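For the record, the sequence lines run as chains A and B. Using my numbering, the first residue of the first sequence is number 1, and each one after it goes up by one. Using my numbering, the first residue of the second sequence is number 480, and each one after it goes up by one.
Everything labelled a hint here was simulated from the structure, so no lab data went into it. From a predicted model like this one, the values you see are computed outputs, not experimental measurements. A couple of the hints might just be wrong.
Unchecked claim - Using 20 Å as the maximum straight-line C-alpha spacing, the simulated DMTMM-like pairs for lysine to aspartate or glutamate come out as follows:
| no. | chain 1 | residue 1 | chain 2 | residue 2 |
| --- | --- | --- | --- | --- |
| 1 | A | K189 | A | E156 |
| 2 | B | K552 | A | D33 |
| 3 | A | K462 | A | D412 |
| 4 | A | K130 | A | E192 |
| 5 | A | K175 | A | E328 |
| 6 | B | K538 | A | D97 |
| 7 | A | K175 | A | D198 |
| 8 | A | K214 | A | D198 |
| 9 | B | K538 | A | D280 |
| 10 | B | K545 | A | E29 |
| 11 | A | K80 | A | E216 |
| 12 | A | K462 | A | E398 |
| 13 | A | K130 | B | E563 |
| 14 | A | K54 | A | D280 |
| 15 | B | K538 | A | E289 |
| 16 | B | K552 | A | D25 |
| 17 | A | K130 | B | E562 |
| 18 | B | K538 | A | D287 |
As the list claims (entries may be wrong) - What the simulated footprint calls covered on chain A by chain B, stretch by stretch (three residues with Cβ under 8 Å from a Cβ of chain B suffice, anywhere in the stretch; the number is not a length):
| no. | segment |
| --- | --- |
| 19 | 19 to 25 |
| 20 | 31 to 41 |
| 21 | 53 to 59 |
| 22 | 83 to 97 |
| 23 | 281 to 287 |
Unchecked claim - Partial chain B-side listing against chain A, Cβ under 10 Å, derived:
| no. | residue |
| --- | --- |
| 24 | Q489 |
| 25 | L490 |
| 26 | S494 |
| 27 | R495 |
| 28 | K545 |
| 29 | D551 |
| 30 | K552 |
| 31 | R571 |
Cβ atoms here follow ideal geometry from the backbone N, Cα and C, with glycine treated the same way.
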Amino acid sequence: MAQYETVIGLEVHIELKTRSKVFCDSTTEFGGDPNTHVCPVCLGLPGTLPVVNKTVVEYAIRAALAINCSIAEFSKFDRKNYYYPDMPKNYQISQYDLPIALGGYLDIELDGDTRRVGITRLHMEEDTGKLVHQGTITTTPFSLVDYNRAGVPLIEIVSEPDMRSPEEARRYLEKLKAIIQYTGVSDCKMEEGSLRCDANISLRPVSSTELGTKTEIKNLNSFRALQRALSYEIERQTKVLGEGGRIVQETRTWDEGKGITLPLRSKEFAHDYRYFPDPDLVPMIIDREWVEDIRSSLPELPDDRRQRYIGEYGLPEYDATILTDTKELADYFEDCVNAYPNPKVVSNWVMGDLTRLLNSGAVDITECSIGPEQLALLLQLMDKGTISGKIAKAVFEEMFATGKDPEVIVRDKGLVQISDEGAIVAIVDEILAGNPKSVEDFRAGKEKALGFLVGQVMKATKGKANPDLVNRLLKEKLQ
Amino acid sequence: MIISERDVEQLAFLSRLDLTAEDKIAYTKSLNAILDYLDMLNRLDTDTVEPAAHVLPLKNILREDKLQPSLDKEQALANAPEEEEGAFKVPRIV
Ligand SMILES: [Zn+2]
Numbered sequence: 001m002a003q004y005e006t007v008i009g010l011e012v013h014i015e016l017k018t019r020s021k022v023f024c025d026s027t028t029e030f031g032g033d034p035n036t037h038v039c040p041v042c043l044g045l046p047g048t049l050p051v052v053n054k055t056v057v058e059y060a061i062r063a064a065l066a067i068n069c070s071i072a073e074f075s076k077f078d079r080k081n082y083y084y085p086d087m088p089k090n091y092q093i094s095q096y097d098l099p100i101a102l103g104g105y106l107d108i109e110l111d112g113d114t115r116r117v118g119i120t121r122l123h124m125e126e127d128t129g130k131l132v133h134q135g136t137i138t139t140t141p142f143s144l145v146d147y148n149r150a151g152v153p154l155i156e157i158v159s160e161p162d163m164r165s166p167e168e169a170r171r172y173l174e175k176l177k178a179i180i181q182y183t184g185v186s187d188c189k190m191e192e193g194s195l196r197c198d199a200n201i202s203l204r205p206v207s208s209t210e211l212g213t214k215t216e217i218k219n220l221n222s223f224r225a226l227q228r229a230l231s232y233e234i235e236r237q238t239k240v241l242g243e244g245g246r247i248v249q250e251t252r253t254w255d256e257g258k259g260i261t262l263p264l265r266s267k268e269f270a271h272d273y274r275y276f277p278d279p280d281l282v283p284m285i286i287d288r289e290w291v292e293d294i295r296s297s298l299p300e301l302p303d304d305r306r307q308r309y310i311g312e313y314g315l316p317e318y319d320a321t322i323l324t325d326t327k328e329l330a331d332y333f334e335d336c337v338n339a340y341p342n343p344k345v346v347s348n349w350v351m352g353d354l355t356r357l358l359n360s361g362a363v364d365i366t367e368c369s370i371g372p373e374q375l376a377l378l379l380q381l382m383d384k385g386t387i388s389g390k391i392a393k394a395v396f397e398e399m400f401a402t403g404k405d406p407e408v409i410v411r412d413k414g415l416v417q418i419s420d421e422g423a424i425v426a427i428v429d430e431i432l433a434g435n436p437k438s439v440e441d442f443r444a445g446k447e448k449a450l451g452f453l454v455g456q457v458m459k460a461t462k463g464k465a466n467p468d469l470v471n472r473l474l475k476e477k478l479q
Numbered sequence: 480m481i482i483s484e485r486d487v488e489q490l491a492f493l494s495r496l497d498l499t500a501e502d503k504i505a506y507t508k509s510l511n512a513i514l515d516y517l518d519m520l521n522r523l524d525t526d527t528v529e530p531a532a533h534v535l536p537l538k539n540i541l542r543e544d545k546l547q548p549s550l551d552k553e554q555a556l557a558n559a560p561e562e563e564e565g566a567f568k569v570p571r572i573v
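Let the sequences and hints guide you as you build the complete structure.
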């Protein structure tokens, strides 16, 4: 059977976090009753004229610079014509042949390797309204249209077909999301639709350099959906080609429940958008000084931050990559390091217990009830020997659940470590007397028995005994 | 003839126009006349002419990112042929 290589490119739409829409002064605020965030312009009423929001252009440039694109000297808006009631004008204002930015890239790390993925272009466009179908989409005779989202600014970022596996595609999307979030132009929340992704995928014989026929997959609402849909599509296309069939160029939709892609009925969307320059909008000549101003205002981006964590903090690459994945997590981590200047210890807590608790409670790091200073206080309590590492984990969980300071929890629950030798000796003696078999085993050279005995002492003290002391006393008694 | 009657049918479909047989013949003729004229323009030497993206000598008309209140719902829906639950009610398309 022929061996195939997978070729993937992504088209990503990102909603910009401006106050007003791209061509009118209606609010971009999410939600609201249907058709209450609208004006004559975004309703496409006759006689109205769109005017470009300057902040949209600025944000688009900002995002483009962060992914190493060149900013066009000359750019314009075009009309993409199609008949569908999600746009009241019967066209969407977009950019066709002269987008605001071209030719960038970003680097992705996968299994210790770095790969560069090219970015073809970045352009600005307006979002569409939402259609709500009554009953099921196949039986209802009507749709209800809400234009609150119509005219909300978007950037579309088109990658080169440079990815070779679903994992790479996922990593690219994660990296793109992180970078754009860092620039502050969007929240990039996939679950809320402020970041959306379509994937183009084709296969070709391993030796070939020509692109095979591609399919486009839509309705990818999560990183997991992207990776699963691409894996499914590789399987499907491999089977078709393996049986001597041909891939039909078509748009397919991901069915999350069934775990398959299905062709979308597309006869209504004959791909002939008849783009032409929008006569209502005049061209933009992008001032170089403006571009350089925006460039100099870019924050430290994930790659630089990762390198700094490795170089300055001495963190392993793995830690540095995960910690810089979102700006919020990296900011939190750095605040913790400022309060407790031992990056590796802080990293272990943030990547371990904290991440586990955040994930299990579906809590965002920005809403974390443990402040960086509180984490530092907890670590200082361990350093002072007030509590053991094991108790610290329990205190940490309590802090996460209640938001209380660690000292308060330690005091209220009586968790202070027992470092009084006399008290521990008494318990050690008791344990040794109660476990003669383990004592015998240890003396016969079974080192493991010591661990068991330590465990028994810790259990008897509800984890409060100072573990170093327990170890030392047990060894002394067993000599 | 650059444009066939078949092209006119396709264009009419994309533009949601219902054309009679006579319409199709007439539009095929007039669209071709327009394209013939463009063909004539194409013969001009434009090597030294900058492409025009717009007929007016304007550029960079931008506004500040400021809000104005929305239309109220009644006004927004005033022209809706039908409405329901504050939304425009339209025939199902797909
Ligand atoms: Zn508006």
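Each hint, compared with the structure:
1. A:K189 / A:E156: Holds: K189 of chain A and E156 of chain A sit about 15 Å apart, inside 20 Å.
2. B:K552 / A:D33: holds, 9 Å
3. A:K462 / A:D412: holds, 15 Å
4. A:K130 / A:E192: holds, 14 Å
5. A:K175 / A:E328: Roughly 14 Å between the alpha carbons, so the hint for K175 of chain A and E328 of chain A holds.
6. B:K538 / A:D97: holds, 18 Å
7. A:K175 / A:D198: OK: K175 of chain A and D198 of chain A at ~16 Å, within 20 Å.
8. A:K214 / A:D198: The hint holds at about 13 Å.
9. B:K538 / A:D280: OK: K538 of chain B and D280 of chain A at ~12 Å, within 20 Å.
10. B:K545 / A:E29: Roughly 13 Å between the alpha carbons, so the hint for K545 of chain B and E29 of chain A holds.
11. A:K80 / A:E216: Holds, at about 19 Å.
12. A:K462 / A:E398: holds, 16 Å
13. A:K130 / B:E563: holds, 14 Å
14. A:K54 / A:D280: Holds - the C-alpha atoms of D280 of chain A and K54 of chain A are around 16 Å apart, at most 20 Å.
15. B:K538 / A:E289: holds, 17 Å
16. B:K552 / A:D25: holds, 16 Å
17. A:K130 / B:E562: Answer holds: K130 of chain A to E562 of chain B is near 15 Å, not above 20 Å.
18. B:K538 / A:D287: Satisfied, since the Cα-Cα distance of roughly 12 Å is no more than 20 Å.
19. 19 to 25: Since 3 is at least three, the answer is holds.
20. 31 to 41: holds (count 8)
21. 53 to 59: holds (count 5)
22. 83 to 97: With 3 residues closer than 8 Å to chain B, the segment 83 to 97 of chain A meets the three-residue bar; holds.
23. 281 to 287: holds (count 5)
24. Q489: holds, 8 Å
25. L490: holds, 8 Å
26. S494: Result: holds, 8 Å to nearest chain A Cβ.
27. R495: holds, 5 Å
28. K545: holds, 6 Å
29. D551: This hint holds: D551 of chain B lies near chain A, its Cβ roughly 8 Å from the closest one there, short of 10 Å.
30. K552: holds, 6 Å
31. R571: holds, 5 Å
Consistency note: the structure conflicts with none of the earlier hints.
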